Structure formats: C-alpha cells, structure tokens
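Fit chain B to the supplied structure of chain A, relying on the hints for placement.
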Amino acid sequence: MSPKLSLVLAFLLGTSLAMPVAVSAQGRGAAPPPQTAKVAASIDLTGYWVSVVTEDWRYRMVTPAAGDYQGVPMTPAARAIADAWDPAKEEASGDLCKSYGAPALLRVPGRLHITWQDDQTLRMESDAGKQIRTFHFGGWKAPAGPHTIQGDSVAEWEGGGRGATDASMKVTTSNLKAGFLRKNGVPYSENASLTEYYELIAQPDGAPLLVVTIVTTDPAYLRQPFVITSHFKKEPSAAKWNPTACSATW
Amino acid sequence: MIRTPLIFALALVLCGSVPARAEIDLSGSWSSINHEDALERGAGPNPDDWAGLPFNESGRAKALSFSQSVISMPERTCWFQTQWHIAAGPFSLRMWAVPDPITGKVQAWVVAAWETRAPMTIWMDGRPRPSKNAAHDQTGFTTGVWNGNELIATTTHLKTGYIRRNGAASSDQATITTHFRRHGDMLTLTLFMEDPVYLTEPYILTRSYNLSTNPVPIGGPPCIVGDEGVESGRVPHYLPGKNPFLDEIAKRYGIPPDAALGGAETMYPEYREKIRAKFVRPAKCTINCG
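Chains A and B, in that order, are what the protein sequence lines are. So for the first sequence, my numbering puts the first residue at 206; every next one is plus one. So for the second sequence, my numbering puts the first residue at 361; every next one is plus one.
So that you can see chain A by itself, here it is in the shape it has in the complex (with noise of 0.2 Å):
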C-alpha cells in the first residue's frame, strides 16, 4: 500500500469512526426529533426549596428604611422616584405585589417549588406572594399583551453533559410590569429586561445548591445592570411550604 493510499485511508477510517451520530443520521435520511426540554436536561431544577439569606440581610429579612440604596446602581430618575417612597401610600393602593416581580421575586425570603408544566415549559412558585414564573424553551415566542409582573420568559440549557453537572438554565424575561427592586421603592421600569442563569451547584456534603445569578438592565433606572445571586438548599417535601399574601411593607 502507498503511503498516500493508506494515508486516505486512515483518513476515510478515522473521520468515519470519529462521526458516527452524523454519517449514520444522514444515512437513514431522516434527522432524528429535537429533544424536549424537559429530556435535554442534564440538571433537575425540580422540588422544593428555600432561601437561605446569607447576603444582603438587612435588604431582604426586613424592609429597609426609605432612602437606604446601597449597593444599587441607580440613575437619578430612580433616585427621585425612591425618595418618594411612602410605605403607606404603597398599602393603601392596594398594588401590593411591587417587590415582588421577577427582578426582585428570588430576594424574598421563601420557598420555590419547581415542576414540569409541559415537556418545554417549567414552572416556579413562590409561597412569598403566591407569585408564578414559566420558563418556556424551544423557541417560543411570547403572546402579544399587557407587561405582567412576572412578564415573558424564555428559557435555553447552556453546558452540561459528559457526565459533569455544570449546565445552567438560561433564562431572559422582558414586558415586565414596572416594580420594585426593593421594598422601600427602589424602581425598575417596563423596559428593564433580565436575564437570568440557574444552576447547581454540590455543596460540601453533596447536596445541591440553587444558584440564581440576576442580571437586571433598566436603561431608564440603572446606570449599569444590576447583578445579585440568591441561592437556595432543596427541600425533601412540600412540608413547610406557607403561601403568603404579598406585603407593601414587609
């Protein structure tokens, strides 16, 4: 055998061995269905959890007093906004559920329940606020309405596989209902936008911690996006789960 005859050859036997997925796919001449979502995971997001607050105490376990921002790169139409914040005007107009948006829905301190809604759709309570997300992946496009306080969410898995659990959800959520950053009138407008990685990550003793990374960009009320990460343990049951109305004031 000549050199370059064999070298084809190791060439035809190496790529034919290192692509078998696609040689055979094509040779069945039919590509295979896109896999759901819900298959695609290589992480289970879903179960029960509960906050642990271990950052940004005093902004979260109680409301803070007016003009308390720190940390919030605010412009000074957001500030002008906060400092008219009025606790008692915020109760007695009845939109109590403000701090409760999707910029803002993973600082209260609560639990989650996450479940498959459909084979492309998760859903996330929350039992601080009754509040309700859906994720939807496969390219969904959202419906034409009202900015809502959860708004539209659309959801993409990043990494994962090779038997390692490093994947995250990816999620971005626009038409957002104005709201509050923080309970004592920081602002987010209805053109904020968010974008949002879940992920799992082991702790010490194995078990799996939620990590949420929030990216909030807010032309008109940040000078910069505002980043936060709220991290939550898994819970074994439904046992401690408390609804709760949401609170202007606490």
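Honestly, the hints are just simulated from the structure, not real lab data. Be aware that a few hints might be false.
[Said to hold, decoys possible] For lysine-lysine, the following DSSO-like pairs were computed, each having C-alpha atoms within a straight-line distance of at most 27 Å: (1) B:K644 x B:K634; (2) A:K445 x B:K638; (3) A:K294 x A:K382; (4) A:K335 x A:K294; (5) B:K634 x A:K335; (6) A:K294 x B:K644; (7) B:K634 x A:K438; (8) B:K611 x A:K294; (9) A:K445 x B:K634; (10) A:K294 x B:K638.
Just so it is clear, the structure is predicted and the values come from calculations on it, not from any experiment.
Frame of chain A; chain B shown alone:
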C-alpha cells in the same frame, strides 16, 4: 511507512469520538461587581452585625470578645487576610494558568490582585494534600478539579482568619470550597466556609465579576506589620457581657439585637416571623445609605 497515517487515524478517532476534556478558560482580569453586601465588602460591616451567619456558641463568644483595635497589634495586623478575603473583600481578580514547563498541561491556576495578601494558587496537578500536621498559614493549601466547565477549588491549612470583618472568625480547622463558573463575560464564585470550631453549618457566599479589558494589577499593597501603639502584652478585647456595640444594629436599622447575634436560624425565611413584632423600621436612612 504505514505507521504514521495509522497513528494519525487513531488520533483523529480519539479526538473526534471522545468528548473534549471540558475546561473553560478563566484567564483574564475580572472586575468585581459589588452590588450585594456593598457595605460589608467596602467600608466594612457594622459592629456586632452577624445576622445570617451560622454561628455556634463558640463563634458567637469569639465575635463578642472582638475589639477592632486588635489589628493594631503587630502580631495580628494581618490576621484576617486568609483566602476568604477573595470574596468577603471588594477586590477585582486576575486569573492565569501556569503550564507545566515540560508537558504544557495546566499545573495550577493563580487568582491574584486583591491587596494585602499573596495570590491564591490552585494546584491542578493532583499533588497530595499536606499532612494535617503541616504548617498552616494565611494562604493555606488549595487544590482544584474540573467538573465540566466548573472549576472547584478546596483550601485547607489556613490560619485563623475572619468570616466577616467585625470579629466573626474562622479557625485553623476551616475548609473553603470555591466554585468558579463562567457565563460569557461574567464569572460567578460560590464559596462555602466549613468550620467545625465556630459554625454549625457551611456559610455560603456568592460573588460576580465582569471580564475587563483593563488589567487588574497583580498584587496591591501588601499587608505590612507595624507598630500602631498598642503596648506590648495587651490584647484589645471585650470581656463577656461588656461588648458596647450590642444595640448598634437596633439603633441604626431597628433590627432586634438577637438577630444581629446570628445563628443558623437567622438564615432562613421562618426567622422573619420571629422578629416581625420586634422590628421597627427607621423612618429614614441616616448612615451608609448609598
């Protein structure tokens, strides 16, 4: 004659059919995003604010005995600069890989650029951990492994340091586990502090960084031991029951002093109901308002 092409074919098979070893490049300058815990990371936490810390009784007693003047002692000027400082402080990071000079494989990752201490070296070459009786220092000993694109670093052999810069201490038995995850130009660190001496369960922190084209300086001013006037033999401290800052959080934020004393229960939602009746929201923020 035929051997070289066959080796080529074998290499192609191995490269194509076996998944690539999953590692992500973490090198570069990472600008710290200090939107969370802004006061704690910047100017420093309020005195006697340990809410959200899973203290045990020893941890709480140790913290209550703490006087900030203790760092004026030459022996303790640099006491809190352990690897925990990477997250508890406000600093940006610079990371780079150190290749083995013979094989070219990554021998270590280095995380540097926060001032007052040496860089953190994460050994990736599988070297064994030193004996538990080996010397402990503020850098400790850190090894790393990849979980796909996640780098997990484990640090032991630390000296006593701080968990929060207001006297919450970590012991020389502490272990820090740091998870590095990259999403495009954002890096998120999740850290666990385990300490059988002072904590009842791991303390968790998360921090985020943006990739920056402005190079973060490698190493800032070192922590320099100096004489700040504490007379030799005196250890600034508070005796039990004599800490003067116990009501500081209540005065500033209306938070019950019990909450400020920490403990694992202060980390969970149920604790809100426990303090609800005692909490008095101040009418207006008066200090460190942002």
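- Could you check the structure against the hints above and give me the numbers of any it violates, in ascending order? none
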